[in-house]
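**Q** Now for the letters of each chain:
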Amino acid sequence: GAVVSQHPSRVICKSGTSVKIECRSLDFQATTMFWYRQFPKQSLMLMATSNEGSKATYEQGVEKDKFLINHASLTLSTLTVTSAHPEDSSFYICSAPRQDQNTEAFFGQGTRLTVV
Amino acid sequence: DAKTTQPTSMDCAEGRAANLPCNHSTISGNEYVYWYRQIHSQGPQYIIHGLKNNETNEMASLIITEDRKSSTLILPHATLRDTAVYYCIVKKSNTGKLIFGQGTTLQVKP
Chain A
1 GAVVSQHPSR VICKSGTSVK IECRSLDFQA TTMFWYRQFP KQSLMLMATS NEGSKATYEQ
61 GVEKDKFLIN HASLTLSTLT VTSAHPEDSS FYICSAPRQD QNTEAFFGQG TRLTVV
Chain B
117 DAKTTQPTSM DCAEGRAANL PCNHSTISGN EYVYWYRQIH SQGPQYIIHG LKNNETNEMA
177 SLIITEDRKS STLILPHATL RDTAVYYCIV KKSNTGKLIF GQGTTLQVKP
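So the sequences go chain by chain: A and B.
Residue numbering for the first sequence is 1 to 116, as defined by this note's numbering.
Residue numbering for the second sequence is 117 to 226, as defined by this note's numbering.
The set of hints was computed from the structure by calculation and includes no laboratory data.
For every residue, glycine included, the Cβ atom is placed at its ideal position computed from N, Cα and C.
Watch out, some of these pointers could steer you wrong.
[To be verified] Derived pair list, reagent style DSBU-like, types lysine-lysine, alpha-carbon separation capped at 30 Å:
no., chain 1, residue 1, chain 2, residue 2
1, B, Lys213, B, Lys119
2, A, Lys66, B, Lys185
3, B, Lys119, B, Lys168
4, A, Lys41, B, Lys225
5, B, Lys225, A, Lys55
6, A, Lys41, B, Lys119
7, A, Lys64, B, Lys119
8, A, Lys66, B, Lys207
9, A, Lys20, A, Lys64
10, B, Lys207, B, Lys119
11, A, Lys64, B, Lys185
12, B, Lys168, A, Lys66
13, B, Lys185, A, Lys41
14, A, Lys66, A, Lys20
15, A, Lys14, A, Lys66
16, B, Lys208, A, Lys41
17, B, Lys168, A, Lys64
18, A, Lys20, B, Lys168
19, A, Lys41, B, Lys213
20, A, Lys55, B, Lys185
21, A, Lys66, B, Lys225
22, A, Lys64, B, Lys225
23, B, Lys185, B, Lys168
24, A, Lys66, A, Lys55
25, B, Lys168, A, Lys55
[To be verified] Here are the computed distance ranges between Cβ atoms for each label pair:
no., chain 1, residue 1, chain 2, residue 2, range
26, B, Glu174, A, Glu59, 51 to 59 Å
27, B, Asn169, A, Gly61, 33 to 41 Å
28, B, Gly217, A, Ser73, 40 to 48 Å
29, A, Asn70, B, Asp127, 38 to 46 Å
30, B, Leu167, A, Thr31, 19 to 27 Å
31, B, Asn169, A, Ile12, 42 to 50 Å
32, A, Ser73, B, Asp127, 21 to 29 Å
33, B, Thr121, A, Pro86, 50 to 58 Å
34, B, Asn173, A, Ser15, 39 to 47 Å
35, A, Lys14, B, Gly217, 42 to 50 Å
36, B, Ser157, A, Ser15, 22 to 30 Å
37, B, Leu167, A, Gly53, 30 to 38 Å
38, A, Leu26, B, Ala133, 42 to 50 Å
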């Protein structure tokens, strides 16, 4: 079945540095991918829609200059958390729907970001 | 997309059926009901979806009321590994965008 791979699964970085998270669709092309953030004991919050070949669409309240999204190819989207701070520590998850089916979106395994 | 309402938490005995309800009274005619679950510290996993007919797959059954204002996810023989947060989401079919509510935390007990 279709798989979405996310890398890295865990990352610890120093405050002020940037971290890049990759999301790949492994056996299908995804013109659209989605990025979510999840704080402990809370639900997933949609951050942005990543569009291949065009700018990402950000949800209200999400800073586009802080969370840079690049959808470089039909199988890869990246989320870069710039100038990370401890409050950015969270679980980041991507998803990609198959365009050829009226079915579910597939999720990556998530990235646990800890900013120290 | 229509909003959904689910109980915050439920318990179920191992081996018994788990019935998870969801209310979606404002669902429109072209919106589907989707169910996902999230096991701790993992990405969500698709379970099942439907429009108006009941659906069954290897994981679960989905029962949608005739007026489509509510549905029930049934796990026929719950195991300890089914302990997770279950999300009921209503959305149109032509978008992969999912808006998650708080979901139901299902605890399967031995």
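**Q** Now tell me if each hint is right for this structure.
**A** Hint check:
no.	hint	result
1	B:Lys213 to B:Lys119	14 Å, holds
2	A:Lys66 to B:Lys185	40 Å, violated
3	B:Lys119 to B:Lys168	17 Å, holds
4	A:Lys41 to B:Lys225	20 Å, holds
5	B:Lys225 to A:Lys55	47 Å, violated
6	A:Lys41 to B:Lys119	20 Å, holds
7	A:Lys64 to B:Lys119	26 Å, holds
8	A:Lys66 to B:Lys207	29 Å, holds
9	A:Lys20 to A:Lys64	14 Å, holds
10	B:Lys207 to B:Lys119	9 Å, holds
11	A:Lys64 to B:Lys185	37 Å, violated
12	B:Lys168 to A:Lys66	42 Å, violated
13	B:Lys185 to A:Lys41	28 Å, holds
14	A:Lys66 to A:Lys20	12 Å, holds
15	A:Lys14 to A:Lys66	16 Å, holds
16	B:Lys208 to A:Lys41	27 Å, holds
17	B:Lys168 to A:Lys64	39 Å, violated
18	A:Lys20 to B:Lys168	41 Å, violated
19	A:Lys41 to B:Lys213	22 Å, holds
20	A:Lys55 to B:Lys185	36 Å, violated
21	A:Lys66 to B:Lys225	43 Å, violated
22	A:Lys64 to B:Lys225	43 Å, violated
23	B:Lys185 to B:Lys168	10 Å, holds
24	A:Lys66 to A:Lys55	15 Å, holds
25	B:Lys168 to A:Lys55	36 Å, violated
26	B:Glu174 to A:Glu59: 51 to 59 Å	34 Å, violated
27	B:Asn169 to A:Gly61: 33 to 41 Å	38 Å, holds
28	B:Gly217 to A:Ser73: 40 to 48 Å	33 Å, violated
29	A:Asn70 to B:Asp127: 38 to 46 Å	44 Å, holds
30	B:Leu167 to A:Thr31: 19 to 27 Å	24 Å, holds
31	B:Asn169 to A:Ile12: 42 to 50 Å	48 Å, holds
32	A:Ser73 to B:Asp127: 21 to 29 Å	45 Å, violated
33	B:Thr121 to A:Pro86: 50 to 58 Å	34 Å, violated
34	B:Asn173 to A:Ser15: 39 to 47 Å	46 Å, holds
35	A:Lys14 to B:Gly217: 42 to 50 Å	35 Å, violated
36	B:Ser157 to A:Ser15: 22 to 30 Å	23 Å, holds
37	B:Leu167 to A:Gly53: 30 to 38 Å	31 Å, holds
38	A:Leu26 to B:Ala133: 42 to 50 Å	34 Å, violated
Checked against the numbered hints listed earlier, the structure breaks hints 2, 5, 11, 12, 17, 18, 20, 21, 22, 25, 26, 28, 32, 33, 35 and 38; every other hint is satisfied.
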